[in-house]
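These protein sequences, in sequence, are chains A and B. 1 is the number of the first residue of the first sequence in the numbering used here; add one for each residue after it. 1 is the number of the first residue of the second sequence in the numbering used here; add one for each residue after it.
I should point out that these hints are in silico values taken from the structure, not numbers from a laboratory. Careful: at least some of the hints might be erroneous.
As the list claims (entries may be wrong) - Below 30 Å or equal to it, Euclidean Cα-Cα: the simulated DSSO-like pairs (lysine-lysine) are: (1) A:K286 x B:K148; (2) B:K156 x A:K286; (3) B:K193 x B:K252; (4) B:K150 x A:K286; (5) A:K286 x B:K129; (6) B:K97 x B:K235.
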Amino acid sequence: MFAESDLNARNKRVQGLFRMLFLMMTVLLIVPVAIILFTLVSKGGSVISIDFLFTNPTDGMTAGGIFPALLGTVWIVAVALLASVPLGVAAAIYLNEYAGDNWFTRLIQLAIINLAGVPSIVHALFGVGAFVIFFGFGTSILAASLTLAIMTLPIVIVSTRESLRAVPQAFREACWNMGATRWQTIRRIVLPNAISGILTGVILEVSRTAGETAPIMFTGAAFFLPFLPQGVFDQTMAMSLHLFVVATQVPGVPEELPFGVALVLIAMVLIMNSISIAFRMYLRGKKKW
Amino acid sequence: MNAIIDQDDNQSPEYAIHTRKLNLWYGTFQALFDVDLSIRNGMITSLIGPSGCGKSTFLRSVNRINERLGYVRIEGDIDVLDNNIYDPAVELVQVRKQIGMVFQRPNPLPISIRDNILFGHRLHNKGSKADQDEIVESALKQVLLWDKVKDRLNHKGTELSLEEQQKLCIARLLPVKPSVLLMDEPCSALDPKGTAAVEELIWELRGEYTILIVTHNMAQARRASEECIFMLMGKVIEHQATEDLFVTPAQKETADYIEGRYG
Ligand SMILES: Nc1ncnc2c1ncn2[C@@H]1O[C@H](COP(=O)(O)OP(=O)(O)O)[C@@H](O)[C@H]1O
Ligand SMILES: [Mg+2]
Chain A
1 MFAESDLNAR
11 NKRVQGLFRM
21 LFLMMTVLLI
31 VPVAIILFTL
41 VSKGGSVISI
51 DFLFTNPTDG
61 MTAGGIFPAL
71 LGTVWIVAVA
81 LLASVPLGVA
91 AAIYLNEYAG
101 DNWFTRLIQL
111 AIINLAGVPS
121 IVHALFGVGA
131 FVIFFGFGTS
141 ILAASLTLAI
151 MTLPIVIVST
161 RESLRAVPQA
171 FREACWNMGA
181 TRWQTIRRIV
191 LPNAISGILT
201 GVILEVSRTA
211 GETAPIMFTG
221 AAFFLPFLPQ
231 GVFDQTMAMS
241 LHLFVVATQV
251 PGVPEELPFG
261 VALVLIAMVL
271 IMNSISIAFR
281 MYLRGKKKW
Chain B
1 MNAIIDQDDN
11 QSPEYAIHTR
21 KLNLWYGTFQ
31 ALFDVDLSIR
41 NGMITSLIGP
51 SGCGKSTFLR
61 SVNRINERLG
71 YVRIEGDIDV
81 LDNNIYDPAV
91 ELVQVRKQIG
101 MVFQRPNPLP
111 ISIRDNILFG
121 HRLHNKGSKA
131 DQDEIVESAL
141 KQVLLWDKVK
151 DRLNHKGTEL
161 SLEEQQKLCI
171 ARLLPVKPSV
181 LLMDEPCSAL
191 DPKGTAAVEE
201 LIWELRGEYT
211 ILIVTHNMAQ
221 ARRASEECIF
231 MLMGKVIEHQ
241 ATEDLFVTPA
251 QKETADYIEG
261 RYG
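Generate the whole structure from the sequences, applying the supplied hints.
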């Protein structure tokens, strides 16, 4: 009565086949990441040292360290975050908590989606026109960071909105019913419960910002600049551009140097991403509803 | 503790909720038709009727939480304690303070039990730290929860059992001193034991608050209320003393419903 029928056997074979197929796709996905990491470590690992991280490049960038680029990237990312996080979080709060569903909010929604789809080189040209020339910031950290801020704004808005949306509506209704205003509800209940998601989005934005090259190339990053930036109106070197330069623009660079730079850059990004994931897991474990 | 607000002439009004020709539309769909209801002050009134007949919609109009949806349109008047709550001069926060609501699914806030109780109090009493312990204790005692949770006031409200959560949701309304409590199927997520416990609690609160309770459970309506309203397809069919409505219903639809002939 419970013996296998022909149809059962056939279904089982098909099921096994698809399982294998999906497994293979998953493995294929890991392979490029593994190869990239392996290549970077094996070819560039030898140049990494404390000196490499904390000294200036020398000999026309064919030797020495990467400190100005490393610090420049930190500057650019920090200023970009200062601009985009408050703006993006505020916009997301408005869209999710205050605005109704009407043509205006749908238009904004559409604008955000389109902003996310604009190629980075277009952002770069916009940055030159708007920040370097029109606002007169010159090629500077400020111009580069603002360009990046605009480019990554959709990330902040979308991730913040999603974390706000994940806070159950029942919490808001509970607050309103006790006579809380919208802002009291947001401050006391919605934001504390959405903060982990918002921070995760911000950290993702950091890794995106750190790796971009095109938007900073014309707006604030310099090929070679043996001084450290003193303020937001200075130009600076940056990791991503430095990698491009030593890999393609300078003759006589030892083969392992670009790999070393790439390894530091990818390590920065991976570390940020891991922090984001760990943080998310930690907060999710604490959440109970 | 007298929760009924003092009127200018010091006479408490006869009706806590009084509606005249209340019509409500969700977009083009009309959910309430000419609802004329007078709900007595200080009594427990139950609202019964098949699913989708507009019970929740009515409740949610009384504390004006429906208007959050941009596509809701309301005509007619709702007076709460003789004040028209749709009057432009009315402050929404004051309306919500007077009218507490308990939802179908218990929705304690994801903060400590103590903070849940004090949430409303803190909203309306700036900076007063005094008496907080007393407020927490008195509110929890009123909902018969004090003995169970007094040793874990710092635990999250969301960690309690559903029955305890629902009691907490009732308790947190009390420090705001509402006059009217709206309860939308407060027991439907609970097991029979929890239902009995919450019903007992509702009886305890009788007289101090005007309670309007929606229920699917006719036995509950019969046990737990003094007056009963039967609604069908957005209209009020019958409103009587509970015993009369169940024993000698005036309308055929009511009789059909209480005998279980609608779903
Ligand atoms: N937010 C809403 N938008 C549109 N229609 C709604 C909404 N809420 C309820 N309705 C409709 O209004 C009618 C009454 O619903 P409701 O008041 O929830 O009924 P009940 O609580 O008696 O089950 C139903 O037909 C329902 O589909
Ligand atoms: Mg309902």
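Hints versus structure:
1. Only pairs whose Cα atoms come within 30 Å are accepted, and A:K286 paired with B:K148 is accepted, the gap being roughly 24 Å.
2. Among the hinted pairs, B:K156 with A:K286 is consistent with the structure: their alpha-carbon atoms are about 11 Å apart, no more than 30 Å.
3. The straight-line distance between the Cα atoms of B:K193 and B:K252 is roughly 33 Å, outside the 30 Å bound, and the hint therefore fails.
4. About 23 Å separates the Cα atoms of B:K150 and A:K286, which keeps this hinted pair within 30 Å; it holds.
5. Straight-line distance between C-alpha atoms of A:K286 and B:K129 comes to about 28 Å, which keeps the hinted pair within the 30 Å bound.
6. With a C-alpha separation of about 28 Å, the suggested pairing of B:K97 with B:K235 holds against the 30 Å cut-off.
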